[in-house]
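Asks: Generate coordinates for the entire structure from the input sequences, incorporating the hints supplied.
In this text, residue positions in the sequence shown follow our numbering: the first is 23, and each later residue adds one.
Quick caveat, the hints were computed from the structure, so don't treat them as lab data. Treat the hints loosely; a few may be bogus.
Below are the BS3-like pairs computed for lysine-lysine, each with C-alpha atoms no more than 25 Å apart in a straight line [claimed, not checked]:
1. K49 - K119
2. K74 - K84
3. K105 - K49
4. K119 - K42
Pairwise CB distance ranges (calculated) [claimed, not checked]:
5. N55 - E27: 15 to 21 Å
6. Q78 - S177: 31 to 37 Å
7. G180 - V70: 38 to 44 Å
8. S154 - P87: 35 to 41 Å
Even glycine gets a Cβ: it sits at the ideal position worked out from N, Cα and C.
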Amino acid sequence: MSVSEAKWYIIHTYSGYENKVATSIEKIVELRNLSDLILEVRVPMEKVIEIKNNEQVEIERKLFPGYVLLHMVVNDDTWILIKGIRGVTGFVGPEGKPIPLTDEEMANLGIQKARVETPYEKGSSVTVTGGSMKGFTGTVDEVNVQTGKVRVIVSMFGRETPVEFDADQLELLK
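Replies: Dropping the structure here:
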């Protein structure tokens, strides 16, 4: 088995045990040196702004209560190991058999973003095509492929100002 065979799986846990289960898995992976089989453990969270006592408070809330995501290679040993962790009720799948999520399903969950391919590189001249700065032109200063963000040096009010844009808000100047 190799790391390239690792896929994303969902395990069901008792409600409220998600973080305990994730921590237990991470400890076992470390103690038994299984980092080549169990690559990542995630309890998907979202930031939410709640109003408490007339004040806005940003809190983190579980996106899928009762579930933990695992990026792992499933074999008899890892399957038994995960099933034996306190708080785990089983894998999500028919009759508790682990069924991996597709890349499309992971992208739809918004948990694993697809890498963004951009035609921009440092020094490229671009026009802003979206947002409040539509119509401005500038020079690409930095491209972050993981986030899909592009930092552009734009001239505003006679000053050079770095502004970050989503890659789809820009167009190469011809």
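Asks: Are N55 and E27 spaced within 15 to 21 Å by their CB atoms?
Replies: Given about 18 Å between the Cβ atoms, the range holds.
Asks: Starting from K49, check that the Cα of K119 is at most 25 Å away, please.
Replies: holds, 24 Å
Asks: Is K105 within 25 Å of K49, Cα to Cα?
Replies: Within the cut-off at roughly 15 Å; holds.
Asks: That 38 to 44 Å hint for G180 and V70 (C-beta), does it hold up?
Replies: holds, 41 Å
Asks: Given the range 35 to 41 Å, decide if the beta-carbon distance of S154 to P87 lies inside it.
Replies: Since the Cβ atoms of S154 and P87 sit about 37 Å apart, the hinted range of 35 to 41 Å holds.
Asks: What's the verdict on K74 and K84, does the C-alpha distance respect the 25 Å limit or exceed it?
Replies: holds, 19 Å
Asks: Is the Cα-Cα distance between K119 and K42 25 Å or less?
Replies: Holds, because 22 Å separates the two Cα atoms, which is no more than 25 Å.
Asks: Does the beta carbon distance between Q78 and S177 stay inside 31 to 37 Å, or does it fall outside?
Replies: Holds, since Q78 and S177 (Cβ atoms, about 35 Å apart) stay within the stated range.
In summary, the structure agrees with every hint in the numbered list given earlier.
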